[in-house]
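A.B. asks: Chain order of the listed sequences is F and A. Residue numbers for the first sequence, in our numbering: 1 to 321. Residue numbers for the second sequence, in our numbering: 1001 to 1178.
Warning: the hint list may mix true and false statements.
[To be verified] Looking from chain A toward chain F, a few residues come up when the C-beta cut is under 8 Å (computed):
1. 1002
2. 1007
3. 1008
4. 1010
5. 1092
6. 1099
7. 1133
8. 1135
9. 1141
10. 1143
11. 1147
[Stated by the list, open to error] Subject to a maximum C-alpha distance of 25 Å in a straight line, what follows is the list of computed PhoX-like cross-link-like pairs (lysine-lysine):
12. F/276 <-> A/1062
13. A/1104 <-> A/1062
14. A/1005 <-> F/219
Keep in mind that the hints were calculated from the coordinates and are not lab data. Keep in mind it's a predicted model, so treat the numbers as computed, not measured. C-beta atoms are modelled at their ideal positions from N, C-alpha and C, and glycine is treated no differently.
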Amino acid sequence: MSLLRSIAGVIALARPINSATTVQTRRHFKRWVSPTLRELAHRVKKQGVQKPEPRSGFVEWNYRSELFAFGKRLNEDFQLPLLQTAFTQRTYAHQEQERQRKLGIAEADLQMGDNSQLATKGVHIAKAYIEAYLQNALPKVPPVGQQAIASYLLSTETLAHVCTHLGAKELIFSTEYPPSSETLAQTLHAIIGALSDSSGVERAFLFVRDFICTQLNQKDLLEIWTPEQPLQLLGEICTQKKLGEPEPRLLGDCGKNTVLAAYHVGIYANRQLLGKGFGEDLQMATETAAIDALQTLFEMHDDRQPFDFRLQLEAKNVRLD
Amino acid sequence: MSIAKRVQQWATFARTWHIYDCTWQNPFESASLVKTHLMGLHKPIYHPMNDCGDHVVLINTKEIALPGDEWVKRVYFHHTGYPGGASWTLAWQLHEKDPTMVMKKAVYNSMAGNLQRRHTMQRLHLFHDDQVPQDILANVTNQIRTPRTVPQRLDHIDKETLENFPAIMDYPKDYVLR
């Protein structure tokens, strides 16, 4: 009997799988398909908008391997316990300790670190490196401008954006899901702190350069920082550099008596054209001309040389307090 | 959008005002030139769906010069819509009625008949002489170069210049000038 069955099996295997006889052509949909789909759609609608499901809630989630892969993706060697601490929020740690205490676990086993210390460290590193980087990349921009650009890079939105796209969202131990942007920003700081503890502060500096400073690429710097009262500032700078008194002059206009009037104003100092700007009235045109002149003086024009993100800053040039 | 980018946009889409002197110009040759500026065809940002046309002020339309015998051969057709409402007007008759009309129709007919044409025509300002209102003249910042130079007329040259002009020969004393 078994011999017969094996022969039948061989014959069945020998038949080509997609031969014409095996293809079943379906001429219609079953009568139950449409009502079933309708019922399913109805139930989904009745349930309302569902909250996003954390990936860690799925059965085959392996936190340890995800943690390991996170470091490897970034080409960094983290100490895994440190990295795990960096992903643990203080509120989550408290909640977890309370839960375990209720279950009657001994007080000695309840030690659960959180990322607040690492984050404090990370803030220092990131701030110091970004300031040093901007000092190097935009040397002619005054300190006010550099601070404005640095605070843009260190803002919660920028850091949260970077942290999300590094894939940290699923790894964070937080009481809420999806984690808030404050949580994401703090986690990124903590990751920098953890990296500094794992592989040294130089490595952390490079991390800041590669993932936070690069957010400046292709950005309109004027959108991040516009000098207030540009004409006055230009006057101060011209006296500093002994360029002479800046003087706005009309270069051209069109449609004076219309709502679409446009004025073209140039700013001259000592018969040299410093910058020119347009505007719907003379005041606005003068202001934009002053901004244009300042952009030239500060070397922050759109057409300046792109930021160098391969820059190797020496650690002694970074003022880490 | 930063302030520099906003004013850049403003300057890009600014409407320039041009002036064009029609004295001794062929209206049909001028029309294609004027049309270019009216529609903004001379701009790198031109696109049929981009509203980037300029204003053109046409002066001295009374002084246009039609080629050949166009004044008597060119006919403008009009129909009132009622039976027997057709009328044909010669160019010289139309020019007598309204000295800006020949020029206006030349520009209008030089453009394709689409929905945009009537709006483009709103940016054309016609004057039969050189008396342009001051508020319009203040807007003007460019003059379109005319394709033809205006010839000097003998009866416009003053008498003294004519008498002092070097002659290549003298008439005999007994020659009768009619």
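A.B. asks: Indicate, hint by hint, whether the structure satisfies it.
C.D. replies: Hint-by-hint comparison with the structure:
1. Interface restraint check: residue 1002 of chain A against chain F, minimum CB-CB distance 4 Å, threshold 8 Å, status holds.
2. Taking 8 Å as the C-beta contact cut-off toward chain F, the hint placing residue 1007 of chain A at the interface holds, the least distance being around 4 Å.
3. Nearest Cβ of chain F to the Cβ of residue 1008 of chain A: about 7 Å, under the 8 Å cut. The hint holds.
4. Among the interface hints, the one on residue 1010 of chain A holds; its C-beta lies about 6 Å from the nearest C-beta in chain F, closer than the 8 Å criterion.
5. Hint status for residue 1092 of chain A relative to chain F: violated, with the closest Cβ pair at about 36 Å, above 8 Å.
6. Given hint, residue 1099 of chain A at the interface with chain F, is violated; its Cβ is 26 Å from that chain's nearest Cβ, farther than 8 Å.
7. Below 8 Å, beta-carbon pairs count as interface contacts, and residue 1133 of chain A has none with chain F, the closest being about 10 Å; its hint is therefore violated.
8. For residue 1135 of chain A, the suggested interface contact is upheld, since its CB lies about 5 Å from the closest CB of chain F, less than 8 Å.
9. About 5 Å separates the beta-carbon of residue 1141 of chain A from the nearest beta-carbon of chain F, less than 8 Å, and the hint is met.
10. Hint on residue 1143 of chain A is violated. Least Cβ distance to chain F is approximately 13 Å, over the 8 Å limit.
11. Annotation: interface hint on residue 1147 of chain A violated; nearest CB of chain F at approximately 24 Å, more than 8 Å.
12. For the hint linking residue 276 of chain F to residue 1062 of chain A, the alpha-carbon distance of about 42 Å lies beyond 25 Å, and the restraint is violated.
13. Restraint check: the Cα-Cα separation between residue 1104 of chain A and residue 1062 of chain A comes to about 12 Å, which is no more than 25 Å; the hinted pair holds.
14. A hinted pair counts as satisfied when its Cα atoms are at most 25 Å apart, and residue 1005 of chain A with residue 219 of chain F qualifies at roughly 13 Å.
Hint check: violations occur at hints 5, 6, 7, 10, 11, 12; the rest are consistent with the structure.
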